[in-house]
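Number of protein chains: 2
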Amino acid sequence: MKKLRVGLIGLGGRGLGLCKSTVFTDFEGVELVAICDNYQPWLDRAVECLATEKDLHPKTFTDHHDVLNKDLIDAVLIVTSWETHIPIAIEALELGIPVGMEICGCYDLQQVWDLVHTWERTKTPFMFLENCCYGQNELMLLNMVRQGVFGEVSHCDGCYAHDLRREICKGVLTHHYRWGNYVNRNCENYPTHELGPIAKMLNINHGNRFLTLTSTSSKSVGMHEYIKQKHPDHEVLMNAKFNQGDVVITTIKCAGGETITLKLDTTLPRFYSRGLEVHGTKAYYNDVCKSFFFEGDEEVEEMWDWQPNWDNREKYREQYEHPIWKEYLANGIKGGHGGMDGLVYGAFYDCVMNGYDMPINVYDAAAWMAVTNLSEQSIALGGAPMVFPDFTSGAWK
Amino acid sequence: MKKLRVGLIGLGGRGLGLCKSTVFTDFEGVELVAICDNYQPWLDRAVECLATEKDLHPKTFTDHHDVLNKDLIDAVLIVTSWETHIPIAIEALELGIPVGMEICGCYDLQQVWDLVHTWERTKTPFMFLENCCYGQNELMLLNMVRQGVFGEVSHCDGCYAHDLRREICKGVLTHHYRWGNYVNRNCENYPTHELGPIAKMLNINHGNRFLTLTSTSSKSVGMHEYIKQKHPDHEVLMNAKFNQGDVVITTIKCAGGETITLKLDTTLPRFYSRGLEVHGTKAYYNDVCKSFFFEGDEEVEEMWDWQPNWDNREKYREQYEHPIWKEYLANGIKGGHGGMDGLVYGAFYDCVMNGYDMPINVYDAAAWMAVTNLSEQSIALGGAPMVFPDFTSGAWK
Chain S
1 MKKLRVGLIG
11 LGGRGLGLCK
21 STVFTDFEGV
31 ELVAICDNYQ
41 PWLDRAVECL
51 ATEKDLHPKT
61 FTDHHDVLNK
71 DLIDAVLIVT
81 SWETHIPIAI
91 EALELGIPVG
101 MEICGCYDLQ
111 QVWDLVHTWE
121 RTKTPFMFLE
131 NCCYGQNELM
141 LLNMVRQGVF
151 GEVSHCDGCY
161 AHDLRREICK
171 GVLTHHYRWG
181 NYVNRNCENY
191 PTHELGPIAK
201 MLNINHGNRF
211 LTLTSTSSKS
221 VGMHEYIKQK
231 HPDHEVLMNA
241 KFNQGDVVIT
251 TIKCAGGETI
261 TLKLDTTLPR
271 FYSRGLEVHG
281 TKAYYNDVCK
291 SFFFEGDEEV
301 EEMWDWQPNW
311 DNREKYREQY
321 EHPIWKEYLA
331 NGIKGGHGGM
341 DGLVYGAFYD
351 CVMNGYDMPI
361 NVYDAAAWMA
371 VTNLSEQSIA
381 LGGAPMVFPD
391 FTSGAWK
Chain E
1 MKKLRVGLIG
11 LGGRGLGLCK
21 STVFTDFEGV
31 ELVAICDNYQ
41 PWLDRAVECL
51 ATEKDLHPKT
61 FTDHHDVLNK
71 DLIDAVLIVT
81 SWETHIPIAI
91 EALELGIPVG
101 MEICGCYDLQ
111 QVWDLVHTWE
121 RTKTPFMFLE
131 NCCYGQNELM
141 LLNMVRQGVF
151 GEVSHCDGCY
161 AHDLRREICK
171 GVLTHHYRWG
181 NYVNRNCENY
191 PTHELGPIAK
201 MLNINHGNRF
211 LTLTSTSSKS
221 VGMHEYIKQK
231 HPDHEVLMNA
241 KFNQGDVVIT
251 TIKCAGGETI
261 TLKLDTTLPR
271 FYSRGLEVHG
281 TKAYYNDVCK
291 SFFFEGDEEV
301 EEMWDWQPNW
311 DNREKYREQY
321 EHPIWKEYLA
331 NGIKGGHGGM
341 DGLVYGAFYD
351 CVMNGYDMPI
361 NVYDAAAWMA
371 VTNLSEQSIA
381 LGGAPMVFPD
391 FTSGAWK
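Those protein sequences? They're chains S and E, same order as listed. Residue numbers for the first sequence follow this note's numbering, beginning at 1 and rising by one. Residue numbers for the second sequence follow this note's numbering, beginning at 1 and rising by one.
Hints in this document: simulated from the structure, not taken from any laboratory. Cβ coordinates follow ideal geometry from the N, Cα and C atoms, glycine included. Keep in mind that the hints are not guaranteed to be accurate.
[Said to hold, decoys possible] Simulated coverage check for chain S against chain E, where a stretch passes if three residues somewhere in it have a Cβ under 8 Å from a Cβ of chain E: (1) 109 to 116; (2) 258 to 268; (3) 305 to 313.
[What the hints assert, rightly or not] What the simulated footprint calls covered on chain S by chain E, stretch by stretch (three residues with Cβ under 8 Å from a Cβ of chain E suffice, anywhere in the stretch; the number is not a length): (4) 149 to 159; (5) 292 to 300; (6) 383 to 389.
Based on the sequences and whatever the hints tell you, model everything.
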């Protein structure tokens with residue numbers, strides 16, 4: 001195939017991060033030809049970054065419609081605010097332009113159905129760019145689950161635990177879409193970072209599916225307390241009322257009987273964590289202490305205080321490292337975020353250029369993104385269970 | 001006060017454990033005068049243990065009605081199977097015999113109401129013997145919460161993560177009440193170990209209360225897989241069908257807006273943990289890595305990988321150790337379970353002998369035990385939210 005001309009729409013934090021990374025320079029045949037943001041300062045910032053740091057000089061746009069042009073690009077990366085991901089993706093799919101869409105939750109299930117139906121009608125390649133599916137540890141765990149090391153998996157936990165208080169305030173102080181979401185909504189607003197890898201472990205859409213969920217939200221006190229400390233004289237910040245609870249717990253039940261618990265924890269002080277836990281009949285993994293526990297370990301005295309075995313993950317690294325990562329480490333890591341970005345963007349480029357099926361397809365995106373809207377409904381109804389649509393219309397079996 | 005003559009009803013695992021511990025020998029004025037179990041082998045085993053290890057020779061009974069006699073005892077410890085805790089407690093309260101009741105969940109909310117009403121009518125002293133409320137770390141955390149170190153607490157997590165597969169099988173192999181519970185029920189069957197300490201941190205029944213909960217259960221595969229490995233030729237075990245899911249997730253919403261997540265995890269291989277997490281506006285605590293994170297720590301690079309700060313709890317031990325434990329360590333630890341048993345049984349004796357109010361009273365017991373029946377209902381209804389009765393009838397405010 002000739003060069004893959006790529007357009008990048010959205011130049012906020014994530015878009016700029018991609019410009020600073022090597023996802024546009026590390027891949028042979030990939031050329032960043034167009035960048036776009038409707039907020040001029042972000043566009044200028046990206047132009048400057050690409051020119052000085054990468055010697056890249058793509059065309060610039062403020063209206064994404066001008067980028068969605070097959071004469072200009074062969075594929076588009078959608079890295080905009082959450083609200084605009086799906087509408088722009090649908091436009092691109094209709095035009096036959098392959099889409100790599102960054103992660104988010106959905107605002108309404110109908111949006112997700114529209115995305116699914118558009119893809120089914122157009123069959124334009126679509127990939128959901130969940131980089132954590134390519135995390136080194138997440139892939140190692142997936143490899144172990146597939147090899148049967150965990151026996152039958154009964155339950156998994158994940159979280160998006162990331163102190164975003166400063167970033168959320170940027171919505172007023174500079175320009176950031178999270179502000180409006182935290183003021184107006186209350187939901188599991190960022191479910192896919194650990195749900196994606198867990199869904200792969202549990203074969204969601206390939207013999208299994210999400211059936212129902214319940215969500216419960218704590219009160220919202222973290223943001224205001226932070227603002228009182230950091231911006232006591234800023235009237236808009238000080239008067240803001242936040243709908244978004246500090247911690248949202250979501251429990252999903254799967255058709256195969258497995259359960260998944262997600263914790264969103266973004267407005268209180270804490271260390272970053274994706275909190276993966278895998279509970280199987282033969283083994284247990286806990287990411288907080290980076291440790292495995294295998295059948296038989298219950299005979300040792302340490303089972304009462306596992307501290308001597310914290311960080312035992314590295315002992316099993318060589319044995320269980322995923323082939324993708326073995327090859328990646330051998331050939332040199334690309335992109336950002338500890339290599340995840342290079343893998344997820346590389347996979348997208350590779351599939352578009354070679355016509356392969358996407359590893360994270362529209363049905364994966366639909367099931368994972370649906371969590372946000374369903375959790376919003378559940379919280380609004382006092383924790384009532386909500387049912388997942390079957391976006392595959394039965395094909396998951 | 002003259003000697004406190006104590007009767008012990010129930011000599012299974014926990015009852016025998018108490019006999020082996022020093023909770024009947026370490027406390028001046030306390031005398032174990034009667035022991036009882038309706039299963040003769042357990043009674044014989046306890047008699048032998050007490051005689052040889054402690055030189056104690058209490059009267060023995062197989063019918064608990066014979067123990068509930070004010071001429072014989074001044075207080076009773078109820079350490080029987082879960083099903084019989086409340087009925088025996090109600091009998092004792094009616095007779096004016098102070099009750100120390102071991103922990104369990106309830107089978108029906110009406111039982112709990114009956115216990116509350118009986119106490120309100122008789123005012124016979126009653127204490128719920130949740131030893132984890134006296135855990136060294138739990139009390140340290142309570143002390144920190146009370147001092148405001150966490151700011152406003154928004155969410156807590158706890159679990160009872162304890163591989164009980166061997167113990168559950170004892171129900172058939174020897175004699176144990178858990179078997180019937182795991183075969184017939186599906187619920188958060190042991191909620192109080194970490195809910196008790198969390199309830200104290202959140203001032204439940206003292207300005208706050210549990211409002212609602214939702215529970216979701218994973219499939220049940222751990223027990224059968226274990227039996228296939230360990231007892232492949234045992235027909236009863238091999239043919240058993242277990243209702244109890246491997247992992248049960250329960251999320252509680254409080255009147256003050258706080259949320260609590262409980263995880264029951266007892267039929268899969270894993271290390272023991274009570275998994276306490278405390279999320280506040282000023283600090284975070286995670287028991288799995290025994291580590292605090294304080295406001296401001298988000299500025300350090302380690303916030304992305306907290307490993308260098310694992311086990312930092314001990315750095316704060318001296319500063320925040322609870323006064324109860326400071327005194328306890330100075331005067332010598334008593335009882336079992338790392339000292340918790342000495343504190344909880346000592347508190348009970350002390351309150352009975354001196355007429356003090358019980359530190360864990362009938363309203364605490366009611367709210368905490370109610371979780372089991374409510375979780376059973378919620379699971380049966382597909383995760384529907386269930387409402388907590390207000391056992392205090394408004395007095396919690």
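Consistency of the hints with the structure:
no.	hint	verdict
1	109 to 116	violated (count 0)
2	258 to 268	holds (count 6)
3	305 to 313	holds (count 6)
4	149 to 159	holds (count 4)
5	292 to 300	holds (count 6)
6	383 to 389	holds (count 3)
Consistency with the previously given hints fails for number 1 only.
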